[in-house]
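Novice: Next come the chains, spelled out residue by residue.
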Amino acid sequence: MHLRILTTSLVVSLLGMLEAGCGTSVQSVPNPPQVAFLPQTFQPPENCLPCHQRQYNELHSAVKSGYRNVSPLFNGLESAGNLVNGGLLRPVYSDSTVVLPDGTLLNTNMYTTPILKETRQVQAGFCFTCHNANIEVLGNNPNNREIPQLAGLATCNPAPPAGQQCFQPQAFRPLRDYVMVDANGNQLLPPVPGGDPPSGAQPSLGAAGITCDFCHDEAGPDLNRSFQMDGFANTSLLLNQTILKTGPFSDPVAVKNNFHVANRNPSDIAFLTNGSFCNTCHDVRVPNRNLTAEEHNMNPGGQNVSYFRLENLSTEWQIGPYNGTNNPFGHLVRCQDCHMSLFPYAGTSTYQVGDMTVTSPTPGVFATDYAAVPGVATADNAPLQQRQVVEHYFTGVDVPLMSPTELSARLGPNYPDPYGMGIDTHGVPNGLATRRQDLMMAAARISLGKTDATTQLGQTFTVRLEAVSLTGHRLPAGFSQERTVYVQLAVTDANGFLLYQSGYVVDKPHPNTGEPAPDGNLDDEDLEHLHAVVDPGSFTATYTSGTGTNGGNNVVFEAGPDDGPDARIFEGAQEGLVLFRNELTHIFLPGQAIGRIDAATGKPVLAQGVHFEETFQAALANTVDNFRSLQPLHPRTYNYEIQLPTMQQLQAIGVTVQGPLHVHAQINFEHFPPLFMRFIAGVTGATGPTGHSLNLMDEQRIDTYLKNVKGIASDDFTVNLTP
Amino acid sequence: MKLPYRFPILIVVGLAVLLVSVFAQSGGYTPGEFQSSNPNYPKPNPFYFEGKIDWNLLNITTPSNAWEYLQRGMHYQDDMDDVPDATTDYQTSLSMNSLQNQTCQIVTAATLVNGNIPTSLTPAPCMFTVRLRLGYLQRETNPSSAIELFQEVLQIDPQRLGVNTLIAETYVIEAQQSTDPTTQQQAYANAVAAYQAELALSPVTAQFTALTADAANNSKVHWELAQVYEATGQNSLAASELQAYLQATQWHSDVYPWRIALAQNQIHTLAAKK
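Taken in sequence, the protein lines are chains A and B. Position 162, counted from 1, in the first sequence is what the working numbering calls 556; the numbers after and before it change by one each time, with no gaps. Position 9, counted from 1, in the second sequence is what the working numbering calls 10; the numbers after and before it change by one each time, with no gaps.
To be clear, the hints were calculated from the coordinates, so they are not data collected in a lab. Mixed in with the good hints, there may be bad ones.
Said to hold, decoys possible - Cβ-Cβ distance ranges computed for the label pairs, FRET-style:
1. 854/A with 104/B: 34 to 40 Å
2. 211/B with 811/A: 37 to 43 Å
3. 104/B with 695/A: 34 to 40 Å
Stated by the list, open to error - Some chain B residues well away from chain A (every beta-carbon gap over 12 Å; in silico):
4. 96
5. 99
6. 103
7. 155
8. 160
9. 194
10. 197
11. 213
12. 254
Claimed, not checked - On the chain B side, residues computed to face chain A include the following (Cβ under 10 Å):
13. 52
14. 69
15. 112
16. 125
17. 130
18. 137
19. 142
20. 156
21. 238
22. 241
23. 247
24. 248
25. 262
26. 271
27. 272
Just so it is clear, the structure is predicted and the values come from calculations on it, not from any experiment. For glycine and all other residues, C-beta sits at the position ideal for the given N, C-alpha and C.
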């Protein structure tokens, strides 16, 4: 009898455990209770300046502050997405009367929707939310609204419902048109969409983007609004617009005049000071109803929202070696340890990664300083102690694509020069461009040490390039499908005669953006693995969403002479460009137009089968390859099988090759692919779908501000040439 | 009915063993679990992820399907320099994703439902990566098999760039390996046809030139096609292809830049032979 009971109990237990282990049912996870403090309006960073001057100055020069909101590239991308789908990426607010096809009222956006159950809710403010969540929340009050809800919203496909108007591309303005105010704080729009800042324009509250308040208002992760119920991605962050501000210290000093209250809640402090905080925004998951976006919102009722991973940086860190102790430093290395510390200006460490010995800057070293201005910041002028403090530069891979004059016109007269010189009181360079360069130089190392030592004319020999990323995430990360890291490699003889090259660029004309002849600049040239031109679209009197007239497909798409990425991945070939850039792919189904016109028939070229093609318009991607980037602390070897010319071939061209041969390899970083920027120039240009220039991107801007970082890492190897 | 005394003991022991085996897997990847347990393992719907995922991130102990064998094969080939084991894995993968034994299908317009792909397809769509990888490895040792694999890729995606070039290059290998003039001639003719098919996928049109300033493209194809024409004594055609090669490299150079000077020299040499 006892055995029967035991057996029954075990069976029940086992079934229960199997259910727990294998079941797919998901319960809603409640967010932590919110503690009520006095409301405080979202503060401009200038209000924090008197007590936190240093932090204000640092954040002011970070691209996530200010610049991102006026960035020609961010604005261009957001515009391109809206132009192809009829404005769906613009926020909607609580007074919206838009009704979705299933009868649901669309009156919440990506931030204000409690649980994202409709793709359109995620689309509403998709780009804007991450860069300006507080402003989006404030927008529910029409008096505080900076970015208007667009009329139409793709309702002209094929015709608008009765009483509604179509999306009007000719009236479309970039987001940055809306972030200017006059001296009285009233919104000041450029007279024409995309026009220059009007006289007397000042930055609006929203122009500041990611501010002091955004981070220090945090109240933990929003588990219900994150697709995997984990507080990752798409601003899965609870924000308190109250006087409670969370900082890093468990023993903060009381604030003068109770301007704010310093949060002592250990869990809020721990959240702010860990990678989990960054995770709320640094994965970007794009809603997509198409066929290959298999991941979906796990929240109850959210299963219809499927998505693909555009930015996957946080996941990469979360599952990577720096989120633990199994790394060269033996302790957890947080986002803050590289992007908010003295890194890379605080000494170096030497360690072993695989069979590579690496010397690189040490993360997690912080300056000692006051966290607030002594004598100004504390109640009763209580004395402050010096502590370990963080930098608020948040340096990454970006520099503004604007002149200091343009930046000042939109963001205020004191906007720091990205190319400024000098160092701050902590010894960190003032200029963002210098900081970015130095950060990139710490990102990777390479070795040619396993290359064939000897070779002969007329034979092949193998260059073996070992590369390792030292970053906390993959390299590149972020918008890793466009951010470009690659290997430039050359084999020369003793006289410098070039026998092989990969990762090279050629100065050439760009007639599609008005560069009729080579201009002597190589930073604006694309790598030679692929030649592509993206359709910029064109204006039509009656708007129809989709790629028909709104651009995005490749009108030129052909393999180049250095076709390494596809050949290496899909064929296993050991030749051509080593490219660490990830890829957005559009899978066309049989019969779908792929964007090109058959010259003979004048008709669109249709996919004859299932056709895979790289796309440079994220809104058109229905799958993504996020594994081309370089995994952190995991060395990989890339072979180049190089064919040397025969003696006869050399004699024909009058060249004598003299040994030894010299192999040089280096890793370069390309800010963005020029062809991608030329697409942005076209789609937001005067002949694009709006019919007027949005004044964002053109060839001159590309030529002037597209600055790449070369020689992040390099190595050389000598190969003996035998008779 | 009373169970014999030892029978419940066997049940208990059996359940205990099962319990241990179930939870022994909890630290690793269990086939069938997807993004919630391993964000690096994409669920195919309906197409496979065609690409390479870092093997260490997949947590696959033993491959269990065509895609997993492909991934391990790529790991063997690229990361371990182990071509024999890679080949075996590719062959196993292919046996599980085969047109011949109907374990995969070519998706056509007829497969679509209201212009969309069904949420599941049985059998699964054919993968192109395993065919390209295995074919590439077999080019020298078994060119006819390699060509068949490449042609299956063209059935999957007739407009995929580079596949016709692979077919052409394999025909050239076949011609070079053959001692039979008729076989050689046929192989070279097949190579020319395949190269021309590749060029047809990226036609040089007025729009193309207006956008790019290029008067030709596909320098690699023109170079290789010129070598075929020269090998078969078609000097005029060879010179024409070398001219196209020079045009295509005008703004793009070549990974072997000395070929540009060599092409110029060859054009003069071929002209002298007329």
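Novice: Tell me the numbers of any earlier hints that the structure contravenes, in ascending order.
Specialist: Per hint list: 7, 8, 11, 12, 14, 16, 19, 21, 22, 23, 24, 26 and 27 violated.
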